[in-house]
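Protein chains: 2
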Amino acid sequence: MGSLPEIFDSSAMAASHPLDPEDFRKQAHIMVDFIADYYQDVEKLPVRSEVKPGYLRHCLPDSAPYNPEPLENILEDVKSHIVPGITHWMSPNYFAYFPSSGSTAGFLGEMLSTGFNVVGFNWLSSPAATELESIVIDWIGKMLCLPKSFLFSGGGGGVLQGTTCEAILCTLAAARDRKLKKIGGDKIGQLVVYASDQTHCALQKAAQIAGIRPENFRAVPTTKACNFGLSPAALRRAMEEDVAAGLVPLYACATIGTTSSTAVDPLEGLGRVTRDFGVWLHVDAAYAGSACICPEFRHFLDGVELADSYSMNAHKWFFTNLDCCCLWVKNPDALVQSLSTNPEYLRNKATESKMVVDYKDWQIALSRRFRALKLWMVLRSYGVSNLRNFLRSHVRMAKQFEGLVNADPRFEIVVPRTFAMVCFRLTPPTGSRWETDNGEELNKELLEAVNSTGLAYMTHAVVGGVYMIRFATGGTLTEERHISAAWRLVQEQAEALVGTYKAKEV
Amino acid sequence: MGSLPEIFDSSAMAASHPLDPEDFRKQAHIMVDFIADYYQDVEKLPVRSEVKPGYLRHCLPDSAPYNPEPLENILEDVKSHIVPGITHWMSPNYFAYFPSSGSTAGFLGEMLSTGFNVVGFNWLSSPAATELESIVIDWIGKMLCLPKSFLFSGGGGGVLQGTTCEAILCTLAAARDRKLKKIGGDKIGQLVVYASDQTHCALQKAAQIAGIRPENFRAVPTTKACNFGLSPAALRRAMEEDVAAGLVPLYACATIGTTSSTAVDPLEGLGRVTRDFGVWLHVDAAYAGSACICPEFRHFLDGVELADSYSMNAHKWFFTNLDCCCLWVKNPDALVQSLSTNPEYLRNKATESKMVVDYKDWQIALSRRFRALKLWMVLRSYGVSNLRNFLRSHVRMAKQFEGLVNADPRFEIVVPRTFAMVCFRLTPPTGSRWETDNGEELNKELLEAVNSTGLAYMTHAVVGGVYMIRFATGGTLTEERHISAAWRLVQEQAEALVGTYKAKEV
Numbered sequence: 001m002g003s004l005p006e007i008f009d010s011s012a013m014a015a016s017h018p019l020d021p022e023d024f025r026k027q028a029h030i031m032v033d034f035i036a037d038y039y040q041d042v043e044k045l046p047v048r049s050e051v052k053p054g055y056l057r058h059c060l061p062d063s064a065p066y067n068p069e070p071l072e073n074i075l076e077d078v079k080s081h082i083v084p085g086i087t088h089w090m091s092p093n094y095f096a097y098f099p100s101s102g103s104t105a106g107f108l109g110e111m112l113s114t115g116f117n118v119v120g121f122n123w124l125s126s127p128a129a130t131e132l133e134s135i136v137i138d139w140i141g142k143m144l145c146l147p148k149s150f151l152f153s154g155g156g157g158g159v160l161q162g163t164t165c166e167a168i169l170c171t172l173a174a175a176r177d178r179k180l181k182k183i184g185g186d187k188i189g190q191l192v193v194y195a196s197d198q199t200h201c202a203l204q205k206a207a208q209i210a211g212i213r214p215e216n217f218r219a220v221p222t223t224k225a226c227n228f229g230l231s232p233a234a235l236r237r238a239m240e241e242d243v244a245a246g247l248v249p250l251y252a253c254a255t256i257g258t259t260s261s262t263a264v265d266p267l268e269g270l271g272r273v274t275r276d277f278g279v280w281l282h283v284d285a286a287y288a289g290s291a292c293i294c295p296e297f298r299h300f301l302d303g304v305e306l307a308d309s310y311s312m313n314a315h316k317w318f319f320t321n322l323d324c325c326c327l328w329v330k331n332p333d334a335l336v337q338s339l340s341t342n343p344e345y346l347r348n349k350a351t352e353s354k355m356v357v358d359y360k361d362w363q364i365a366l367s368r369r370f371r372a373l374k375l376w377m378v379l380r381s382y383g384v385s386n387l388r389n390f391l392r393s394h395v396r397m398a399k400q401f402e403g404l405v406n407a408d409p410r411f412e413i414v415v416p417r418t419f420a421m422v423c424f425r426l427t428p429p430t431g432s433r434w435e436t437d438n439g440e441e442l443n444k445e446l447l448e449a450v451n452s453t454g455l456a457y458m459t460h461a462v463v464g465g466v467y468m469i470r471f472a473t474g475g476t477l478t479e480e481r482h483i484s485a486a487w488r489l490v491q492e493q494a495e496a497l498v499g500t501y502k503a504k505e506v
Numbered sequence: 001m002g003s004l005p006e007i008f009d010s011s012a013m014a015a016s017h018p019l020d021p022e023d024f025r026k027q028a029h030i031m032v033d034f035i036a037d038y039y040q041d042v043e044k045l046p047v048r049s050e051v052k053p054g055y056l057r058h059c060l061p062d063s064a065p066y067n068p069e070p071l072e073n074i075l076e077d078v079k080s081h082i083v084p085g086i087t088h089w090m091s092p093n094y095f096a097y098f099p100s101s102g103s104t105a106g107f108l109g110e111m112l113s114t115g116f117n118v119v120g121f122n123w124l125s126s127p128a129a130t131e132l133e134s135i136v137i138d139w140i141g142k143m144l145c146l147p148k149s150f151l152f153s154g155g156g157g158g159v160l161q162g163t164t165c166e167a168i169l170c171t172l173a174a175a176r177d178r179k180l181k182k183i184g185g186d187k188i189g190q191l192v193v194y195a196s197d198q199t200h201c202a203l204q205k206a207a208q209i210a211g212i213r214p215e216n217f218r219a220v221p222t223t224k225a226c227n228f229g230l231s232p233a234a235l236r237r238a239m240e241e242d243v244a245a246g247l248v249p250l251y252a253c254a255t256i257g258t259t260s261s262t263a264v265d266p267l268e269g270l271g272r273v274t275r276d277f278g279v280w281l282h283v284d285a286a287y288a289g290s291a292c293i294c295p296e297f298r299h300f301l302d303g304v305e306l307a308d309s310y311s312m313n314a315h316k317w318f319f320t321n322l323d324c325c326c327l328w329v330k331n332p333d334a335l336v337q338s339l340s341t342n343p344e345y346l347r348n349k350a351t352e353s354k355m356v357v358d359y360k361d362w363q364i365a366l367s368r369r370f371r372a373l374k375l376w377m378v379l380r381s382y383g384v385s386n387l388r389n390f391l392r393s394h395v396r397m398a399k400q401f402e403g404l405v406n407a408d409p410r411f412e413i414v415v416p417r418t419f420a421m422v423c424f425r426l427t428p429p430t431g432s433r434w435e436t437d438n439g440e441e442l443n444k445e446l447l448e449a450v451n452s453t454g455l456a457y458m459t460h461a462v463v464g465g466v467y468m469i470r471f472a473t474g475g476t477l478t479e480e481r482h483i484s485a486a487w488r489l490v491q492e493q494a495e496a497l498v499g500t501y502k503a504k505e506v
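Going down the list, the protein sequences come from chains A and B.
Residue 1 is where the first sequence starts when you use the UniProt record's numbering, and the numbers rise one by one after that.
Residue 1 is where the second sequence starts when you use the UniProt record's numbering, and the numbers rise one by one after that.
Calculated from the structure, these hints are not laboratory results.
On a predicted model such as this, the values are computed, not experimentally measured, just so you know.
Incorrect hints may have been included.
A few chain A residues that face chain B, going by a derived Cβ cut-off under 7 Å, partial list only [unchecked claim]:
| # | residue |
| --- | --- |
| 1 | S80 |
| 2 | I82 |
| 3 | G85 |
| 4 | T87 |
| 5 | G102 |
| 6 | T104 |
| 7 | W139 |
| 8 | A225 |
| 9 | D358 |
| 10 | A365 |
| 11 | T476 |
Take a look, some chain B residues computed to stay more than 10 Å from chain A by CB distance [said to hold, decoys possible]:
| # | residue |
| --- | --- |
| 12 | R25 |
| 13 | S149 |
| 14 | G155 |
| 15 | G278 |
| 16 | A407 |
| 17 | E435 |
Even glycine gets a Cβ: it sits at the ideal position worked out from N, Cα and C.
Go ahead and model the full structure; you've got the sequences and the hints to work with.
Next comes the structure, spelled out in structure tokens:
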């Protein structure tokens, strides 16, 4: 990263006034250059941080400074102490978990939102924050060809939350209260929540928080035969058994693009089951929802019209900096009835006119940032055409990697690629010690060897009992050359580990 | 605001690459100037937005653009369509609700966090994010002289969440699960939550979400005699009655600085009651907690050692841009037991070594931003000394306003000022039509008249049946001249409404 300009005078100003506009201007320009330099150089940094637990306590003092310190000192500490402790999600060599898709437009939108610093709990507290949010979420709903019933214009509506965890918790609370109204407020112990064993742990956590009894959480097993999608027949059986046992099916979560393997649950079949049982169906498309703005992926959402709610994370694969989760519901009243509060100090004419949305009643928190700005800037700066192109380029890079894996007989693709993630593993050489645990230890060591170089970062999952390496493309700085380099790295490390062999020919 | 530089070329680049570093640099510099100009000019804008419900739908297209648009077009739209729809929380003439305290350092920290864009769910995902958070929260804990049992070094610990609503929900879930473990998982319907009738609605909402039965929420009445603080004796009576009725007291929330009138609940007395009943005591110091870094305010926290958890919003009155809530707990295990999930794909050696904190288990969501950066930058840029000075200057401005109110016999202070908010009202002229409702309509009209000018923005509350105007200082751009101008405005509008009269002399 470049050296910092010397501006001791402005730092002194910062100390005496917390928001002098000219001081703000000078310091923020310095920070822009700092971050631009970081993006310029980030690919040279070890992707996964190499620090040891507790490293930072040795670098920083035990208590806050009594006197102000200049920005240049702080930025020097960022370079020496913070950057080494960062796992660089923005590195083009980052292929772990799912991408965290920052972009210039997303960053600019966040700047604007941070700059205005409005607390948009209700319409009146900043009408633009509420109205832009409703408009932008309708825009994305249309890009996804969601049924009109999920749009404001069709009686539904959407909201921007922080994360899928929150979106699930809010819809679960809404579903729970709607059901308890029917069956009696003392029956919470009978309510049952359903998902597949591949569903994100966010659901289980939300169920815990919402007071669903832990023993009433069903993780229905999936199989390789169904590509780890949730079987409608299995879901129906689970619900029938619960009903027979005197329990009450409440909420089911279907996933488009599971975390372990980007598996897709079949919405149409599941929707018929949930409808039959009067169960709230939520569709969690946190990762893969973005891809569905491309016509060639939209079919994965077929059946979404049977769902009650749908969410996707714009911060995962939609070029919007963390955090931003889009949630659509068919029946906003259910959310509002469960989450609204109306203290006197927030009473106002706009709310009483019922002509406005007060988003505080659509989410957990009262305070909320102006998240719509960043999403709006992303949509306008890139346009639907480029957003599709970007997503397709990531899918193309994943295909490129898949081709490389397929071309090397020592490796195998463990589950078919659906979006922009490749699940692969090194097959254990026949007769080798690696065979005893079906290659788990082998791939663990390979993964650790790859990540230890600092040249790339990938993570793992286990599906159907098979340990595999996940290679998720989607980083905004990633180019094809990073994909080939990552594959060469995997090959080199594999060779160092087991030597050159041809497993499939034995 | 100034005119925008013309940079059509860089906008074209934005369209073709979502994060080209040089393009990022150019565009982010433009945005810095846009925001600096906004701060320069914000005091000229109507503080409360004057738009009508639905205004923005008429300004923006029905769907997202297919082709990319240049930044200058978007910023022109921000000026023409978004800024008029914003209620300017950053205006020096903003005295509504509580302040939203943005600062240069807070903004810079948010930039850095948005730039790194790490998803810090566990230690490994970015060690610096976790470690800086633990360090900074210990720093603030020490600044507040919290008992050692709330600090990491004393077996407790802290976490940065988005809002107090989340902090309360997490601690409530922890308390609930700890209690259910003792009394049986099917007893959730017996659990009771307590607060005063002045407590923020966040608690009631959290209780709803956590599955506490609505009829088991006790808002214990307060009185003017106790300055609207929660009486320990009244709390004890409420708990005794519930126990007698076979219910189980679970959780109580005490407030330092209520939203309506900045009332303070007496922690020592309340702590003895909650201890006697085995109830989790949470202290919500969302607004006034900040002031307690000044020795002259610290006594309001006396008794906090009897609490189980304590929270304050750094985004309210601590110069940290939205959102940032600091939560400390004495027993992190209780949080972790209630909120942890351990999916295979997140398994890692650092977690298994138990030498690290995984903050995903301390909050609702899995994904989390690197919020510690902005708090760290605030603490270092200003230092404890200036932070105290800033807070004291706001208290001084509130005293200034209080003095002005007291000097005008037509007005009265409704509840004594404690921190930086003044609660006042125009007393209804004797014999006038305004007397019939104890001045409620009079002050409603006065408030609306003041706010309609666009020159200042204040909000209201009702305590002890009295409608009053809340005047909250604390805006980072507010100076003494804004206070005097706001008071002149109130006087002018009062005169226009009721003419010149001397209520108290009649």
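Comparing the hints with the structure gives:
1. With its C-beta approaching chain B no nearer than about 11 Å, S80/A sits outside the 7 Å limit, and its interface hint is violated.
2. Given hint, I82/A at the interface with chain B, holds; its Cβ is 5 Å from that chain's nearest Cβ, closer than 7 Å.
3. The beta carbon of G85/A comes within 3 Å of a beta carbon in chain B, closer than 7 Å, and the hint placing it at the interface holds.
4. Interface hint status for T87/A: upheld, as the beta-carbon distance to the closest one in chain B is roughly 5 Å, under 7 Å.
5. Below 7 Å, beta-carbon pairs count as interface contacts, and G102/A has one with chain B at about 4 Å; its hint therefore holds.
6. At a threshold of 7 Å, the smallest CB-CB gap from T104/A to chain B is about 5 Å, leaving the interface hint in force.
7. Among the interface hints, the one on W139/A holds; its C-beta lies about 4 Å from the nearest C-beta in chain B, closer than the 7 Å criterion.
8. Here the hint on A225/A is broken, as its CB sits about 21 Å from the closest CB of chain B, past 7 Å.
9. Interface hint status for D358/A: violated, as the beta-carbon distance to the closest one in chain B is roughly 11 Å, over 7 Å.
10. Annotation: A365/A was flagged as interfacial toward chain B, and the flag holds, the nearest CB pair being 4 Å apart, inside 7 Å.
11. The criterion of a C-beta within 7 Å of any C-beta in chain B is met by T476/A, whose closest approach is roughly 4 Å, and the hint holds.
12. Look at R25/B: its CB is around 4 Å from the nearest CB on chain A, not clear of 10 Å, so calling it non-interface is violated.
13. Non-interface call for S149/B relative to chain A: holds, since the shortest CB-CB distance, roughly 17 Å, exceeds 10 Å.
14. No beta-carbon of chain A comes within 10 Å of the beta-carbon of G155/B; the shortest separation is about 16 Å.
15. No Cβ of chain A approaches the Cβ of G278/B within 10 Å, the least distance being about 20 Å, so the stated non-interface status holds.
16. No beta-carbon of chain A comes within 10 Å of the beta-carbon of A407/B; the shortest separation is about 27 Å.
17. At the 10 Å boundary, the C-beta of E435/B stays outside the reach of chain A, the nearest C-beta of that chain being 22 Å off.
Taken one by one, the earlier hints fail for this structure at numbers 1, 8, 9 and 12, listed in ascending order.
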